[in-house]
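Below are the chains, spelled out letter by letter.
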Amino acid sequence: MDRRVTSNQKAWAFTAILRKDLRLELRTGESTITLVFLSLLVLTVLTFALDAPAGDPAIAAGALWVAMIFAGTIGATRALIAEWQNGCVRALLLSPADRAAIYCSKLVASFVFMALAEIAAMVLLVLFFNLDFGIRLVRIAPVLAMGALGFAALATLLATIQVQIRVGDLLLPLLAIPVFVPALIAGVKATNAALAGLPFSGFTQWLKILGACDILFLAGGYLLFEQVISGD
Amino acid sequence: MKALPLEARQVGKTFGLSPVLRAVSLKVDQGECAVIVGRNGSGKSTLVRILAGLSSVSAGEALLFGQPARKLQPYDRRRVGLITHQSFLYSRLTARENLEFYAELYGLDHRASRVTELLERIGLASAADERVSSFSRGMEQRLTLARATIAAPDVLLMDEPFTALDADGVEAAMGLIGGALDRGCAIVITAHEHFQFAQLTFSSYALVRGRLSPAPADSKAEAAVQHSAAAG
Numbered sequence: 332m333d334r335r336v337t338s339n340q341k342a343w344a345f346t347a348i349l350r351k352d353l354r355l356e357l358r359t360g361e362s363t364i365t366l367v368f369l370s371l372l373v374l375t376v377l378t379f380a381l382d383a384p385a386g387d388p389a390i391a392a393g394a395l396w397v398a399m400i401f402a403g404t405i406g407a408t409r410a411l412i413a414e415w416q417n418g419c420v421r422a423l424l425l426s427p428a429d430r431a432a433i434y435c436s437k438l439v440a441s442f443v444f445m446a447l448a449e450i451a452a453m454v455l456l457v458l459f460f461n462l463d464f465g466i467r468l469v470r471i472a473p474v475l476a477m478g479a480l481g482f483a484a485l486a487t488l489l490a491t492i493q494v495q496i497r498v499g500d501l502l503l504p505l506l507a508i509p510v511f512v513p514a515l516i517a518g519v520k521a522t523n524a525a526l527a528g529l530p531f532s533g534f535t536q537w538l539k540i541l542g543a544c545d546i547l548f549l550a551g552g553y554l555l556f557e558q559v560i561s562g563d
Numbered sequence: 002m003k004a005l006p007l008e009a010r011q012v013g014k015t016f017g018l019s020p021v022l023r024a025v026s027l028k029v030d031q032g033e034c035a036v037i038v039g040r041n042g043s044g045k046s047t048l049v050r051i052l053a054g055l056s057s058v059s060a061g062e063a064l065l066f067g068q069p070a071r072k073l074q075p076y077d078r079r080r081v082g083l084i085t086h087q088s089f090l091y092s093r094l095t096a097r098e099n100l101e102f103y104a105e106l107y108g109l110d111h112r113a114s115r116v117t118e119l120l121e122r123i124g125l126a127s128a129a130d131e132r133v134s135s136f137s138r139g140m141e142q143r144l145t146l147a148r149a150t151i152a153a154p155d156v157l158l159m160d161e162p163f164t165a166l167d168a169d170g171v172e173a174a175m176g177l178i179g180g181a182l183d184r185g186c187a188i189v190i191t192a193h194e195h196f197q198f199a200q201l202t203f204s205s206y207a208l209v210r211g212r213l214s215p216a217p218a219d220s221k222a223e224a225a226v227q228h229s230a231a232a233g
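For the record, the sequence lines run as chains A and B.
Here this note's numbering is used: the first residue of the first sequence is 332, the next is one more, and so on.
Here this note's numbering is used: the first residue of the second sequence is 2, the next is one more, and so on.
Source of the hints: derived by calculation from the structure; they are not laboratory data.
Glycine included, every Cβ here is placed at the ideal spot set by N, Cα and C.
It is possible that some hints are incorrect.
[Said to hold, decoys possible] Capping the alpha-carbon separation at 30 Å, the derived lysine-lysine pairs in DSS-like fashion look like this:
hint, chain 1, residue 1, chain 2, residue 2
1, B, K72, A, K341
2, A, K539, A, K520
3, B, K72, B, K28
4, B, K3, A, K341
[Claimed, not checked] Over 12 Å on every C-beta distance to chain A, these chain B residues come out as not near it, computed from the model:
hint, residue
5, V21
6, D30
7, A35
8, F163
Could you build all of it, start to finish, from the sequences and the hints given here?
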């Protein structure tokens, strides 16, 4: 019998774990509800604290990314916590599941949670900052998607370490946010430009930086995950 | 020469300055069963974790199919089933959903029918669509037995598998174990007493102060421990 891990086997593991995580989330809604309300809180506080003029793109962009980073931090952790209950992570490590497939499934789950929170944040943003639904919001979509993907990749790796160590609650924000700063700056600048009505050509350089950061975080997570996940 | 399914060679394990296992050697071939009795804290669970590759050794080596247990390839990980004190079950999923998840994770065919058949064998057919969080300890243990055997493993490692089981549960478990032996599975069971396995043909051992030695097959843990201690 062929002993190599086939693509089919990797796909089985990926879809099994992702389907299980999404089923758990649909059943409880814990992560989604938490992240949506967190986004609401952040946007509400920033709206009234900054007393921003209606439609101010700079403030709106900043508020959106603050909400997204908070949501991503919580979302990545929640995607992993279920595995450490009842020792399920040991079952995953004992299974034929490729470690990279485990990482990718957790990454996609975090991304989905972040995406749902971002959609809620976008709706709130339109209401709080008196934005118009139009082409500007469409231009934001790829920026937010790239930002969510990069942060989910980074946060999934660091959250895996966090849930395994005693001082873990501090680890993710302490490490993830400073490392993510280049992508955060690029994302905020690109979002600001898109909300200000610039075409894609007007903020291409920020998209390139964001894309490069995504590649770095995805590659790093994919290669390092096996070293950091432990069932002990 | 074909490698043994399971072999421990002078395995030692130390936590800090405390040796838990000392020069443990064990060989289990296809279709053989080893029952290891020992007091609470004698190192039985540590030995099972080491044999499963979930914990490292301080000395010696633990081999599965001739390979170091900690570095098992995905193909061979598929061939190992494990029962520990943790259930490896997702409490917010139903019994059926848990087994279907593991069936998909292990890339099994005809998942639905296999799961249904297994639930009937362990006496959980009527509770198949109830969440594990509503299960009694005994029901959870039955489901754990089903989870560990769903992929028809070639090696079964079972740490006190009869915990919390009633007479019907023990009978169902013995059916699973007997069926596994019949198809050539190598089995290691830890327990407090040998008599529960009287229906099986097995090699009996006692784990005393971290050392493994043969013990009479009709002995309880205390008697076996005393026998092994007297034998030096």
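Tested hints:
no.: 1; hint: B:K72 with A:K341; result: holds, 18 Å
no.: 2; hint: A:K539 with A:K520; result: holds, 12 Å
no.: 3; hint: B:K72 with B:K28; result: holds, 19 Å
no.: 4; hint: B:K3 with A:K341; result: holds, 28 Å
no.: 5; hint: V21; result: holds, 14 Å
no.: 6; hint: D30; result: holds, 20 Å
no.: 7; hint: A35; result: holds, 20 Å
no.: 8; hint: F163; result: holds, 19 Å
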